[in-house]
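Mature numbering (1 follows the signal peptide of the UniProt record, and there is no 0) puts the sequence shown at residues -20 to -1, 1 to 64.
In short, the hints are calculated from the structure, not lab data. Ideal placement from N, C-alpha and C gives every residue a C-beta, glycine not left out. Be careful, since some hints might not be right.
What the hints assert, rightly or not - Simulated restraints on C-beta separations:
1) Gln61 <-> Glu26: 40 to 46 Å
2) Ala54 <-> Glu33: 30 to 36 Å
3) Leu62 <-> Glu26: 40 to 46 Å
4) Gln57 <-> Asn31: 37 to 43 Å
5) Glu20 <-> Ala54: 22 to 28 Å
Stated by the list, open to error - Derived lysine-lysine pairs resembling DSS-like cross-links, with alpha carbons at most 30 Å apart:
6) Lys12 <-> Lys60
7) Lys12 <-> Lys63
8) Lys59 <-> Lys12
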Amino acid sequence: MKKICIMLLSGLFFIGSLSSMDDSQEYLSIQKRIEELHQELNELNEFDIGNQERDEHETAIMDEIHTLHEQMHAYQQAKKQLKK
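Sequences are here, hints too, so could you generate the full structure?
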């Protein structure tokens, strides 16, 4: 459930920010969020705790990173189509 909420929130962030930012700002904000998530993942990995909550949190972070990478790819593809 937690993973679904994070994915929904990141999707809402992406949709909401499209209307309020120009293209380059949107792309940069996605990149920044990915960097923040990688940092959070690194910090989480410093603690070698093998509990389920930690594993779920790590999975949620990795899923959000994957989703953001997909959004960046879609953004790049849309931008290429507009240039044609």
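Do the hints match the structure? See the list:
A hinted range of 40 to 46 Å holds for the C-beta pair Gln61 and Glu26, which are about 42 Å apart. In this structure the supplied range 30 to 36 Å holds for Ala54 paired with Glu33, their Cβ-Cβ distance being about 32 Å. In this structure the supplied range 40 to 46 Å holds for Leu62 paired with Glu26, their Cβ-Cβ distance being about 42 Å. Range check, Gln57 to Asn31: about 39 Å between beta-carbon atoms, so the 37 to 43 Å window is met.
For Glu20 paired with Ala54, a C-beta distance near 23 Å keeps the hint of 22 to 28 Å intact. Restraint check: the Cα-Cα separation between Lys12 and Lys60 comes to about 22 Å, which is no more than 30 Å; the hinted pair holds. Distance restraint check for Lys12 and Lys63: the Cα-Cα separation of roughly 25 Å lies within the 30 Å cut-off, and the hinted pair is therefore satisfied. With a C-alpha separation of about 19 Å, the suggested pairing of Lys59 with Lys12 holds against the 30 Å cut-off.
Of the numbered hints given earlier, the model fails none.
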